[in-house]
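A.B. asks: Letter by letter, the chains look like this.
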Amino acid sequence: MRPILMKGHERPLSFLKYNRDGDLLFSCAKDHNPTLWFADNGERLGTFRGHNGAVWSCDVSRDSARLITGSADQSAKLWNVQTGHQLYSFNFDSPARSVDFSVGDKLAVITTDPFMELPSAIHVKRIANDPTQQIGESVLLIKGPQGRINRAIWGPLNTTIISAGEDAVIRIWDSETGKLLKESDKESGHKKTVTSLAKSADGSHFLTGSLDKSARLWDTRSLTLIKTYVTERPVNAVAMSPLLDHVVIGGGQDASAVTTTDHRAGKFEAKFFDKILQEEIGGVKGHFGPINALAFNPDGKSFSSGGEDGYVRLHHFDADYFAIKI
Amino acid sequence: MADVMVMKEIEDTALRLGVDISTLDLDSIRLPPGENYGIVSDDEEVYLEDNLEFESGFGNIIVVDNLPVVPKEKFEKLEGVVRKIYSQIGVIKEDGLWMPVDPETDKTLGYCFIEYNTPQEAELAKEKTHGYKLDRAHIFCVSMFDDFDRFMKVPNEWAPPETKPYAPGENLQHWLTDPKARDQFVIRAGSDTEVLWNDARHLKPDPVYKRAYWTESFVQWSPLGTYLATVHRQGAAVWGGSTSFNRLMRYAHPQVKLIDFSPGEKYLVTYSSHEPSNPRDANRVVINIFDVRTGKVMRDFKGSADDFAVGGAGGVTGVSWPVFKWSGGRDDKYFARMGKNILSVYETETFSLVDKKSLKVENIMDFCWSPTDPIIALFVPEMGGGNQPARVSLIQVPSKEELRQKNLFSVSDCKMYWQSNGDYLAVNVERYTKTKKSTYTGFELFRIKERDIPIEVLELENKNDKIIAFAWEPKGHRFVVIHGDNPKPDVSIYSMRTGQNSRVSKLTTLKGKQANALFWSPAGRYIVLAGLKGFNGQLEFYNVDELETMATAEHFMATDIEWDPTGRYVATAVTSVHEMENGFNIWSFNGKHLYRILKDHFFQFLWRPRPPSFLSSEKEEEIAKNLKKYSKKYEAEDQDVSLLLSEQEREKRRMLKEDWDKWVNDWKRMHEEESLYRQKLRDGEASDEEEEYEAKDIEVEEVIHVSKEVLHLEYGQE
Chain L
1 MRPILMKGHE RPLSFLKYNR DGDLLFSCAK DHNPTLWFAD NGERLGTFRG
51 HNGAVWSCDV SRDSARLITG SADQSAKLWN VQTGHQLYSF NFDSPARSVD
101 FSVGDKLAVI TTDPFMELPS AIHVKRIAND PTQQIGESVL LIKGPQGRIN
151 RAIWGPLNTT IISAGEDAVI RIWDSETGKL LKESDKESGH KKTVTSLAKS
201 ADGSHFLTGS LDKSARLWDT RSLTLIKTYV TERPVNAVAM SPLLDHVVIG
251 GGQDASAVTT TDHRAGKFEA KFFDKILQEE IGGVKGHFGP INALAFNPDG
301 KSFSSGGEDG YVRLHHFDAD YFAIKI
Chain B
1 MADVMVMKEI EDTALRLGVD ISTLDLDSIR LPPGENYGIV SDDEEVYLED
51 NLEFESGFGN IIVVDNLPVV PKEKFEKLEG VVRKIYSQIG VIKEDGLWMP
101 VDPETDKTLG YCFIEYNTPQ EAELAKEKTH GYKLDRAHIF CVSMFDDFDR
151 FMKVPNEWAP PETKPYAPGE NLQHWLTDPK ARDQFVIRAG SDTEVLWNDA
201 RHLKPDPVYK RAYWTESFVQ WSPLGTYLAT VHRQGAAVWG GSTSFNRLMR
251 YAHPQVKLID FSPGEKYLVT YSSHEPSNPR DANRVVINIF DVRTGKVMRD
301 FKGSADDFAV GGAGGVTGVS WPVFKWSGGR DDKYFARMGK NILSVYETET
351 FSLVDKKSLK VENIMDFCWS PTDPIIALFV PEMGGGNQPA RVSLIQVPSK
401 EELRQKNLFS VSDCKMYWQS NGDYLAVNVE RYTKTKKSTY TGFELFRIKE
451 RDIPIEVLEL ENKNDKIIAF AWEPKGHRFV VIHGDNPKPD VSIYSMRTGQ
501 NSRVSKLTTL KGKQANALFW SPAGRYIVLA GLKGFNGQLE FYNVDELETM
551 ATAEHFMATD IEWDPTGRYV ATAVTSVHEM ENGFNIWSFN GKHLYRILKD
601 HFFQFLWRPR PPSFLSSEKE EEIAKNLKKY SKKYEAEDQD VSLLLSEQER
651 EKRRMLKEDW DKWVNDWKRM HEEESLYRQK LRDGEASDEE EEYEAKDIEV
701 EEVIHVSKEV LHLEYGQE
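Sequences listed follow chains L and B, in order. As numbered in full-length UniProt numbering, residues 1 to 326 make up the first sequence, in order. As numbered in full-length UniProt numbering, residues 1 to 718 make up the second sequence, in order.
What the hints contain is simulated information worked out from the structure, not anything from laboratory work. Computed from a predicted model, the values in this text were never measured in an experiment. Please note that the accuracy of each hint is not assured.
What the hints assert, rightly or not - To give a feel for the contact side, a few chain B residues facing chain L, derived at Cβ under 8 Å:
(1) 654
(2) 655
(3) 667
Said to hold, decoys possible - Stretch-level coverage of chain L by chain B, calculated; a stretch enters the list once three of its residues show a Cβ under 8 Å from a Cβ in chain B:
(4) 3–14
(5) 150–162
Don't be surprised by glycine CBs; every beta carbon is placed ideally from N, CA and C.
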């Protein structure tokens, strides 16, 4: 498996997203330009220019026409994927962290960081069909959790919003009323900051990665802990194969400790686990900094990883990957 | 059950009083101070335990008697004298000196009280000035204030001591009777200390006992594995037992820093060092020797740190532990310590010096006991600018007779290594070259058990090589040296016994190894060459009998390596000196990786030692000869276990799979139930099945350009 190295960002990667067809790959990084790539050969299509701060995450609509990005410049922006033009900008008073389109792409959930005196918040915005009709008004605003909310996504049928962040608790909110419905158990839950959260293809379960060196698999509806995957490193990114029962976990030690240790010690590997048996199957090395972002192609035949080193590595699986038996 | 009963009682009472107990926040109730209504606090036990350590609070007061009785005019003068004497030793508290005066005669009563800041100072003052001669008639008699109380309480009538009924103790060697012949080890990670079985067959450790905050600094096994010692602020304690770990004995020694067992684990030496009140003084050192079983102090040594600093002519500062070195063997008969120009050998029968005097050895630098016999090897460096040669001598105890001596010239440094049976002594001598600019190394090899103790000289082929590590084969006749100057040193293996002639000879040299430490298997024959620190944890498992490498491996960043006491397994650990990778690996003797446990803040890994085997050497040989017969049984057991394991594994996987399938089915069902709603959310766009869209080849014909051209036929050609 020879990876394709995609060098287009000048700063550490923060997020990766495939479109539904799996032919396009969007990457976000701490430089200000989200970039669009061909998911097959890694050719760069273009960048989305307009942000003035690190871009933390993005989501693409089902028809691959719109892109939403959340950035530290205190805005979340809507883009026309085809032209690269900015359609609209939601402006906040604190950095925007996580963005996610709902089923049907009519709503988007955006989280903002705690900043100055402001607490962290989850905003729900209505996305107009016609960009000229777009307004910045929030449909719903949820406040409450302490610390940064690193990720918020839609639950099944847009009835719930699932959030997780620095306080290590995973919460499910009612997306109509903003009421807290469920909270993950202190005992079985994560012990440290939840850094990442990825939904399964059908949205029935999701995987969270945490600095407590583990990743956990939860049922989306009942918030039951189903599996735990334990690694040796803080987890920064997680992804689930849509094809096989595999999960990928990426991470590494803190960026501040990277320079003082051997690259072998860092273990900046994307680790593959058997989803059901919770056993490690293998690892993909290559990055020379912690892995910050992971994404699976919706066809399950390739995945990409983005690192603190500023590279996106695109891996197409060899035939023998599909024959792994343990 | 008890809790339920109590709860029920409370509920009944509440009902009687008409209180709704469910609205009551029990935690908000505060008992009046000093009253507990008979409710025992959860930490009562701890509290009581701690209480034992407290004294009455007068521990820092001393009483000085036999002072001159003086009239009022001289009172101030006498007080000045006394204050001068006692403030040299420690800081006397404000108003801490009180000399009572007889109200009738206006004369002093001939005694005074002095209060220091700390009990340590008081004790020191008592030690130093008891018997101090102020003049001929006034010899100070100093006592601790607390002692008065204590001695006043002594009953006048002698009462025979109560004989306690004999309570049979637990079998402290129970762990040796493990039917699977496994070994135990202790690990310390974070605040937890855990004792585990090494269950190599199941490729995992099997927990025995776990306790948080078991020790305040470290734990240590006794040399025969009977006890586990823990170290606390108040002293040390030993733990043991057949099934779990109970506290067997406590040894009070405030602020104990270091402990050391005698090789037969009869005695425990504890050490503490205290900051002096006067910063110019050296630290005060207290060393106690306890009897392990009774907990009695057999002998204590107190003094300034300088007295315990070793290294002949000085230069070396600080105390090198252990201060007391014990003679070999299990009977713990002698122990010795080195002082300036003397070597003091004590015997444990009376805990006094052998022959009541120390051995005078000018400039003694280093000494060590033979591991089996009461023989001391000591090293004295050159003196008088090289006029008197350096020497290594062997001294028999208790006769103090010199058995053998070897003079050495232009020595810069010298290290002594005993073979574990006490058969051989290797002395690694570093000598200056003629220019005195560099050094070269050689070995002096003593054959202790042969007549007249012959000495052989061994020099490395390249004399400039530095010795990086040296190790004797346990119970064997071979030794391995890592030597070299370059980053990849060589490893040489020598034997003291080859063929007919008993001369030392080299077996082989392995060139350019990434190794800087040697670890022989306790059973001999196998050795692990390890590259620790700079080499990042390279491991090589080497068979010395066959002179071949069995396996090479790496435990990245490994800091510690230890063989289990039987020589079957090797543990490599990364302790908290590194921030990352903390935990340990267990390997088989031939370098097969068995399992790996990761623990953050990993401090210690220690195998529980085993006492030496009771089998005679003939019996051992017989077993070795018929090994096939015995091993069959164990091989069968191994097979059973591995079958069982794979069976269990399969079962476990099947269960997991079933569980998972249940989830997946639920999800599928829900997903389908919701598919209509989803479709609605997507404005009627076909929702789920479309995910498996088909790729169709569609041929599209596009007319790009149509042009007409009239061709003129030439009739003529037809």
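A.B. asks: Out of the numbered hints, which ones does the structure contradict?
C.D. replies: 1, 2 and 4
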